[in-house]
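Number of protein chains: 2
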Amino acid sequence: MELLEERIRKDGTVKEGNVLKVDIFLNHQMDIDLFNEMGKEWKRLFADCPINKILTVEASGIGIACVVAQHFYAPVVFAKKTQSLNIDGEVYSTKIESFTHKKIYDVIVSKKFLSPDDHILIIDDFLANGCALEGLLDITKKAGATVEGIGIAVEKGFQQGGDLIRQRGIRLESLAIVESMDAKTGEITFRH
Amino acid sequence: MELLEERIRKDGTVKEGNVLKVDIFLNHQMDIDLFNEMGKEWKRLFADCPINKILTVEASGIGIACVVAQHFYAPVVFAKKTQSLNIDGEVYSTKIESFTHKKIYDVIVSKKFLSPDDHILIIDDFLANGCALEGLLDITKKAGATVEGIGIAVEKGFQQGGDLIRQRGIRLESLAIVESMDAKTGEITFRH
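Those protein sequences? They're chains A and B, same order as listed.
Going by my numbering, the first sequence opens with residue 1, and the numbers climb by one from there.
Going by my numbering, the second sequence opens with residue 1, and the numbers climb by one from there.
Do not take every clue at face value.
Which copy is meant is left open, so a pair is good if it fits within one copy or across any two.
Derived lysine-lysine pairs resembling DSS-like cross-links, with alpha carbons at most 30 Å apart [unchecked claim]:
no. : residue 1 : residue 2
1   : LYS15     : LYS111
2   : LYS40     : LYS103
3   : LYS184    : LYS40
4   : LYS102    : LYS40
5   : LYS21     : LYS40
6   : LYS103    : LYS43
7   : LYS112    : LYS40
8   : LYS184    : LYS111
9   : LYS21     : LYS111
10  : LYS142    : LYS21
11  : LYS95     : LYS81
12  : LYS103    : LYS184
Hints in this document: simulated from the structure, not taken from any laboratory.
Hey, can you work out the whole structure from these sequences and the hints?
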């Protein structure tokens, strides 16, 4: 998606350790107009899919998912990190390892909100090693729900997560795939 | 807001320990159409305020804030719980005690995203003892930003948070204020 690639080039910053900071528009400060354009694009890409629910994981996926959901006329469910006292006992749970925070989270979704009747679009801001996605896929599998596809804003194409998902035959639409980036020059190359 | 009160009566559940569960439409599964109606109502209530940015805190405030922001043509900034390795060193920070999770969080906002030029609308899903709001107000004060007002979906009127905020002269618009609720009968009474 050209609009997103342009925005990453303009406002993204490459840091040492394969870190791409896009916190000015994607995952700390959030550009809602951009999210709506992303929603239109995913709606175009998944137009043939009977999607009735959007699934994401807290925290930075939630904003994108909620704005994008308007283009699918669907509710959003977000997977929660760690057990909350306000969650009923009956939950689907899995473990997700966070590359960013260097720890393992328990992630849960109430059984009330996922069922075999659901046709899910998974939405998240970033895809690198794919741990968060594997966790969400595990939860949908436990629920017996159908995953129609996955929409990712920024995929780090030089890490393995995206390829592992595609090899499993799951439809993955990343709106920008970073092929390589250079912390010294700031240069970012996208896959097309 | 009648629509929200009706929805709470219909889909909310009162549990022992002053817990009001509205996870079917507000803070686990999220009804985006409802969020848009809430956005229209806050836009009406804050029509005279020069709001240029929406501030919330992860996780359950983010979805509401992002949908509501569309009615103000403003970006959203969400305060993050705990220090992330992807956050630049320069942040405003405060501590927030969570009633729900029984612990204290460090909460941060990058200094890039709040300044004395900002006129902030704070949005969150719940107001009970007000700890999360006090934290967000502390961060805006450190940034020198102007808080035009606070929009809360559900206020527990029988806890002190809302009154403490109003006593400080801050404009607080809660769309539903629960005056009392009864876990045995399931009855919920709203303040008007």
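Verification of the hints:
no.	hint	result
1	LYS15 with LYS111	between (40 Å within a copy, 18 Å between copies)
2	LYS40 with LYS103	neither (34 Å within a copy, 40 Å between copies)
3	LYS184 with LYS40	neither (35 Å within a copy, 46 Å between copies)
4	LYS102 with LYS40	neither (34 Å within a copy, 40 Å between copies)
5	LYS21 with LYS40	within (24 Å within a copy, 33 Å between copies)
6	LYS103 with LYS43	neither (34 Å within a copy, 40 Å between copies)
7	LYS112 with LYS40	both (29 Å within a copy, 29 Å between copies)
8	LYS184 with LYS111	between (47 Å within a copy, 24 Å between copies)
9	LYS21 with LYS111	between (35 Å within a copy, 15 Å between copies)
10	LYS142 with LYS21	between (33 Å within a copy, 24 Å between copies)
11	LYS95 with LYS81	both (9 Å within a copy, 19 Å between copies)
12	LYS103 with LYS184	within (28 Å within a copy, 40 Å between copies)
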